[in-house]
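Those protein sequence lines, which keep their order, are chains D, F, V, G, L and Z.
Numbering follows UniProt numbering, in which position 138 of the first sequence is assigned residue number 138; successive positions increment by one, without gaps.
Numbering follows UniProt numbering, in which position 76 of the second sequence is assigned residue number 76; successive positions increment by one, without gaps.
Numbering follows UniProt numbering, in which position 190 of the third sequence is assigned residue number 190; successive positions increment by one, without gaps.
Numbering follows UniProt numbering, in which position 155 of the fourth sequence is assigned residue number 155; successive positions increment by one, without gaps.
Numbering follows UniProt numbering, in which position 269 of the fifth sequence is assigned residue number 269; successive positions increment by one, without gaps.
Numbering follows UniProt numbering, in which position 60 of the sixth sequence is assigned residue number 60; successive positions increment by one, without gaps.
Treat the hints with care, as some may be off.
[As the list claims (entries may be wrong)] Each pair of labels, with its calculated beta carbon distance range:
{"#": "1", "chain 1": "F", "residue 1": "D233", "chain 2": "G", "residue 2": "N102", "range": "39 to 49 Å"}
{"#": "2", "chain 1": "D", "residue 1": "A256", "chain 2": "G", "residue 2": "R261", "range": "58 to 68 Å"}
{"#": "3", "chain 1": "D", "residue 1": "R236", "chain 2": "G", "residue 2": "N102", "range": "51 to 61 Å"}
{"#": "4", "chain 1": "F", "residue 1": "L179", "chain 2": "V", "residue 2": "D148", "range": "41 to 51 Å"}
{"#": "5", "chain 1": "F", "residue 1": "E182", "chain 2": "V", "residue 2": "E248", "range": "31 to 41 Å"}
{"#": "6", "chain 1": "L", "residue 1": "D148", "chain 2": "V", "residue 2": "P188", "range": "26 to 36 Å"}
{"#": "7", "chain 1": "G", "residue 1": "A228", "chain 2": "D", "residue 2": "A256", "range": "44 to 54 Å"}
{"#": "8", "chain 1": "L", "residue 1": "D148", "chain 2": "Z", "residue 2": "A228", "range": "20 to 30 Å"}
{"#": "9", "chain 1": "F", "residue 1": "L189", "chain 2": "V", "residue 2": "G134", "range": "31 to 41 Å"}
{"#": "10", "chain 1": "D", "residue 1": "A256", "chain 2": "F", "residue 2": "E180", "range": "32 to 42 Å"}
{"#": "11", "chain 1": "Z", "residue 1": "L190", "chain 2": "G", "residue 2": "D16", "range": "35 to 45 Å"}
Keep in mind the hints are simulated off the structure, nothing from the lab.
If you're wondering where the values come from, they're calculated on a predicted model, not measured in any experiment.
Built from N, CA and C at the ideal position, the CB exists for glycine as well.
Number of protein chains: 6
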Amino acid sequence: MPEYRLHHMTWPQVRDALEYARVAIVPIGATEQHGPALKAGIDYRIAEALAEQTVAAADGLALMAPPIPVGFSPHHMDFPGTLTARITTLCAILEDYLASLNRHGLRRFVLMNGHGGNLAFLPGWMAEYRERTGDTVAVVHWSMMGRDVVVDAANSEVYGHACEVETGLAKHLVPDVVLEEELGGPAPLLASESALYRGHAIPERNVGAFTPRSLAEFSSNGALGDPATYDSDKGRELFEKVRDRSVELIRHMAEAPTADRTARKKAEQISAAWGTRT
Amino acid sequence: MPEYRLHHMTWPQVRDALEYARVAIVPIGATEQHGPALKAGIDYRIAEALAEQTVAAADGLALMAPPIPVGFSPHHMDFPGTLTARITTLCAILEDYLASLNRHGLRRFVLMNGHGGNLAFLPGWMAEYRERTGDTVAVVHWSMMGRDVVVDAANSEVYGHACEVETGLAKHLVPDVVLEEELGGPAPLLASESALYRGHAIPERNVGAFTPRSLAEFSSNGALGDPATYDSDKGRELFEKVRDRSVELIRHMAEAPTADRTARKKAEQISAAWGTRT
Amino acid sequence: MPEYRLHHMTWPQVRDALEYARVAIVPIGATEQHGPALKAGIDYRIAEALAEQTVAAADGLALMAPPIPVGFSPHHMDFPGTLTARITTLCAILEDYLASLNRHGLRRFVLMNGHGGNLAFLPGWMAEYRERTGDTVAVVHWSMMGRDVVVDAANSEVYGHACEVETGLAKHLVPDVVLEEELGGPAPLLASESALYRGHAIPERNVGAFTPRSLAEFSSNGALGDPATYDSDKGRELFEKVRDRSVELIRHMAEAPTADRTARKKAEQISAAWGTRT
Amino acid sequence: MPEYRLHHMTWPQVRDALEYARVAIVPIGATEQHGPALKAGIDYRIAEALAEQTVAAADGLALMAPPIPVGFSPHHMDFPGTLTARITTLCAILEDYLASLNRHGLRRFVLMNGHGGNLAFLPGWMAEYRERTGDTVAVVHWSMMGRDVVVDAANSEVYGHACEVETGLAKHLVPDVVLEEELGGPAPLLASESALYRGHAIPERNVGAFTPRSLAEFSSNGALGDPATYDSDKGRELFEKVRDRSVELIRHMAEAPTADRTARKKAEQISAAWGTRT
Amino acid sequence: MPEYRLHHMTWPQVRDALEYARVAIVPIGATEQHGPALKAGIDYRIAEALAEQTVAAADGLALMAPPIPVGFSPHHMDFPGTLTARITTLCAILEDYLASLNRHGLRRFVLMNGHGGNLAFLPGWMAEYRERTGDTVAVVHWSMMGRDVVVDAANSEVYGHACEVETGLAKHLVPDVVLEEELGGPAPLLASESALYRGHAIPERNVGAFTPRSLAEFSSNGALGDPATYDSDKGRELFEKVRDRSVELIRHMAEAPTADRTARKKAEQISAAWGTRT
Amino acid sequence: MPEYRLHHMTWPQVRDALEYARVAIVPIGATEQHGPALKAGIDYRIAEALAEQTVAAADGLALMAPPIPVGFSPHHMDFPGTLTARITTLCAILEDYLASLNRHGLRRFVLMNGHGGNLAFLPGWMAEYRERTGDTVAVVHWSMMGRDVVVDAANSEVYGHACEVETGLAKHLVPDVVLEEELGGPAPLLASESALYRGHAIPERNVGAFTPRSLAEFSSNGALGDPATYDSDKGRELFEKVRDRSVELIRHMAEAPTADRTARKKAEQISAAWGTRT
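When you get a sec, could you build the whole thing from the sequences and use the hints?
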């Protein structure tokens, strides 16, 4: 079976693969508490596994870099063992990954992101990176890429971090991170705050104002939802949807012009269309 | 009528107001193209007006700083007149505003944000600011704070930037920014991209992957939706909801302990609850 | 009447104006205490008004950006309500303004500065900006651009910040910032320090050493001079001189080659002249 | 068997382990070409394996963080697949790892470094980190920690990167990174440069001046020495020496006062001893 | 004769001197072209000599650090041999000097500045340093500290950089930097620019706008004024005035409280005085 | 005698010298305690003297910049009078020196380094500088460039900082820095630490782990070895070897292509050689 993971290849192998490959996948996650039953590395482990499965299914169009095992997790630091990196650090490491890959000729990047918290800064950084380099960059998070399955797999009113959906996905992809014997009842939510305060929730529920909070203000065991009710079939379905759609994204990106050429062409069209107006 | 805008006060007036005030509101927006009928300053003008109305209704609990007239707008730079600032710049200016206000004794901050694009970096910065200082910071954007009215006021399938909802709100708050004679038909959308590519849309529609794009790739006149179909009654209703809920938020924040004390207390509770478990 | 303020224009209007305009004016000021009778926003309000009047008189050669409402004011932080920004922040925001304007084709910039304290870093930053970009940048402060009128309008031995000259100018340009009823007698100066210590004074009096000090070490009410003795005729004269000379400056800049081309030509001349000497 | 790897633990497990643990081990390596027979991830794989074996033998005194898979490798960028990070990036990520671990109560750190190139900046960063925090930090590289075995295991005159010593160590610790079938004869060295130019060599041979060079200037296949002559017994011996000495180091560090207290005490002694001298 | 220059002392000598010394002098200059007759090192050489003479006359109240030989000289880069440093670099090196000296117990600093161009950023940096540390910092430049003599010693209408005043001072303090045989007639000024453009001139003549320019736009040989007409008696008088006044400044600073205590006391006075007003 | 020191030249002299010169030498040292008998400036004084002698012997191939008198010395801060600069500061000042010299046409640089502590960051910075600019940069330290003589001249088991070798070299090059009357017996070493802890030693003895330490933890008078046993003949021999080899290095560099061209050519060779392999 061909190898598409850079860290598992020699340089002559990479050189040959680069003749066909057009897209690089960079897994990024976190090392962050996920309640009493999930291991702290779950987010980067899921990201790594999703990336591995995606490149394996992409017919050589994509290569994969080694996973970045730490993410943006200040809101989990009240729980022992969590690591967090500053936003500037994470942007710098991504910048260096992409610049290195660019030097080998790749100009299209997919960040396979396993940690929702990284979305607090990725969109901004990606927009600046695109402007500066003209390279194309997209981010995939399974909760967005497979949102239809996520909604279907959720059993709790409040879910998200370390909930039954994430547990089910992990059980399928990286089963060793789930400690079955520690899966108890629903996560014990603390007395709720003003309805106008919302934070660390899944985007679509972000009605009201946003204010950053520690998970310790929400949940006394660090989890949300009811992890014990996970469904491994849903986990597999979620994985398959995310993998297949990611492959579809890669095919689309590989054929589309890079960001610099796209923007330039569109701007010219508009300029032409409006040129005679005033 | 009492004055709560710092830039319109003398220092003895500020000194006296600080005996009661607990919250500072910082308006932030953008100077960015909004299609052929809306002036580029619309986002910071709306933010400023919302902040003025909010402090006027907050019974002295809040003071207001002068508006920051530029925001994160790289995706609009293909259209003449747009200004954009780097994320590090915007974080620095916010940092300096809040540090200055903190030195005068204020430790609770509401960012009254008039530009959706600023949400690409604000959540991350706010979380870091809170960790570093222990001060409390929240962000209000009218599209989130008044989301029920927004959904009701939208007439188009694809709406958001410079659409009928924003036009209606502007018509009520800062009517001079709307050039009625330039309001034509619906914004001319360009041929759509892969459904897996999504960008610059309102959060809840962000299904699929996210990739930054220029507005020029979406819309040939720089707007979305159908601005001419705006409803000024909806605009007034939206304004009132946002103002009233922002005042409610301010009251809540003024009474709540600052972030440092909250987090510490919660962490202690959890530590106690779990202390005997293993 | 034509519009030359970017924040009050649509993008097609800016596009058309850019066919003739060659210079951009960026107002920068401060939000900083000015004693008991002047509002904190006076410096950026004056800068904004001067910029507006200047572009209005420049026959389309210049466009104006929205004012930057905060400046370098650490020496005023002992008085409530003052905001201050770090030098790196202010340089970054100016950098972003100018880079944005450059992208729309403008390469000549006038900083209309309403706050003397900003001169503590602007000359250095401007020199570096010019080297890096080859664009031309000039700074105007009314106390320098209209220095002849300033000397004439001063009634006090020690004047400068919030004195009768600034009050007179404000009374003409932005009269709402002057609280007439709070204009008392001369500012109460504190016991003077060693004659070798000088700081925060107008440049030409800067004999001796320079050491930064808080205004609170000079003046117990935050002002200098005798604001109540202002003369509004002098204020109007000062304004007119600054406006007319700024228009003259703009005409000169619009015709002169940008910095990169000027320096290169001069260097070649010198090289030629000295080429045979040694 | 007890678990000491943070990424494979839940937060209650980490909390319990922290009652005894005093030292954290952070593996850092590289993703960098190692000639035609070794996979690019070899350096971080070796670092990870050494760290795992060391914590497993340290009786609970040490915990391990997930490996940092990229290092300082500009001199390998001429070969496809190599990733490199800027020095500031690597310092930032280490800073964030250590600050996170410190927040959980750990103040003694061992960097288990698998890539010699990282020693071009680690000593400087470590000295600054110690000054700033008072925490203790040490770095282990197998070529130094087991130098006696290294000298013994080397068969070539010029060895180092990807040579028989590294191959033998990898064969024992992470055998999948060695492609036996690609192990040919000695690495083809290019015509040598001036004897006064030395770079990228093992420290003790660094006689003369130092100048950075690309590996491509030394070796046409990216390796040094004669990898095919590796001896797996030497590899095992090297591993055991490094592991055992690292455990010894951990025991020493766990008992010694942290850097801040050590330096202070010594400085006082000297001050006392010399107080009466002059 | 006692030694007060740190770089010429052993640590026990410094330790003893610190029992009495209260002020540190840091010479800063430039390595920058000064026309055909003055050596490029003149500015830091003058600063060093002035500092040496000042500490020698200060009865042990002051110690001197080694000179910083490079300054802010972008406007001289068109002439061969000039070195220039970025503003951030110069601030960093000053920051490190002062932080080091502070660690040995010194909290009062005099920057003995030999290069007018450094005044383009020093006032701003000094104000920020004072705010951040509470330490006192002053800057001396001979053209300000001895301005009465400078005005008297100038023979040319346009003078400043490398003119007869500077030449006379150098001839007295560091005579080897003057190449007598290269002193020709007045510096050949180029055709003047608009009177509204002013730059790189002595502060008091800075009427009009300020815009950075290369010296090559002013003077075809890199000097101003008429260096050959220097008067060494004036040079000696200028030196003596600057030295004596600098010693006076040092005595004043040594007795005055540091910046943190001064500002705090004044702020309290004002607060008390105004407390009952509104 | 021709002059090759930029700070002692006028710009026309530099212009003429640049017609032949190809290499610039930048002396960098430290101001750092060296025990009771050596002055703190010794490291930059030695670097300056070595650079002066080297350019004087290089037949016009090299020019010399003024010495940087401060270095990386955090480990000496426990002793009065030591100055230290952050790594970022030192990299910035070097960057500015080299960029300035590059602008005058020089692209080959030798750092004449007098302080071993600077090697904790120089290799990393040099590699990044080379990558970014394509310019060639080498570093010379006498302990490496003349290592054969150093080993021969050492009388003590533990030597290095301020030992008999450095004293002998200083005695020959800059004799005023040695206070003969303070040269006592061997430096009083403190009780040794674990053999696995090594720091601040000469590279070849760096067996074990590396951990930064204060000199105050090693030696109670700040020196190592037995300075009183220095041999001035060895000092002269060491100087001559370093000078002659540095001249040889300069000749080699002057003829060799710059880094950008070298790397490119080698990469092409390799690419060609391996092109048909897989």
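Hint check results:
{"no.": "1", "hint": "F:D233 - G:N102: 39 to 49 Å", "result": "57 Å, violated"}
{"no.": "2", "hint": "D:A256 - G:R261: 58 to 68 Å", "result": "59 Å, holds"}
{"no.": "3", "hint": "D:R236 - G:N102: 51 to 61 Å", "result": "40 Å, violated"}
{"no.": "4", "hint": "F:L179 - V:D148: 41 to 51 Å", "result": "43 Å, holds"}
{"no.": "5", "hint": "F:E182 - V:E248: 31 to 41 Å", "result": "35 Å, holds"}
{"no.": "6", "hint": "L:D148 - V:P188: 26 to 36 Å", "result": "31 Å, holds"}
{"no.": "7", "hint": "G:A228 - D:A256: 44 to 54 Å", "result": "45 Å, holds"}
{"no.": "8", "hint": "L:D148 - Z:A228: 20 to 30 Å", "result": "54 Å, violated"}
{"no.": "9", "hint": "F:L189 - V:G134: 31 to 41 Å", "result": "39 Å, holds"}
{"no.": "10", "hint": "D:A256 - F:E180: 32 to 42 Å", "result": "39 Å, holds"}
{"no.": "11", "hint": "Z:L190 - G:D16: 35 to 45 Å", "result": "39 Å, holds"}
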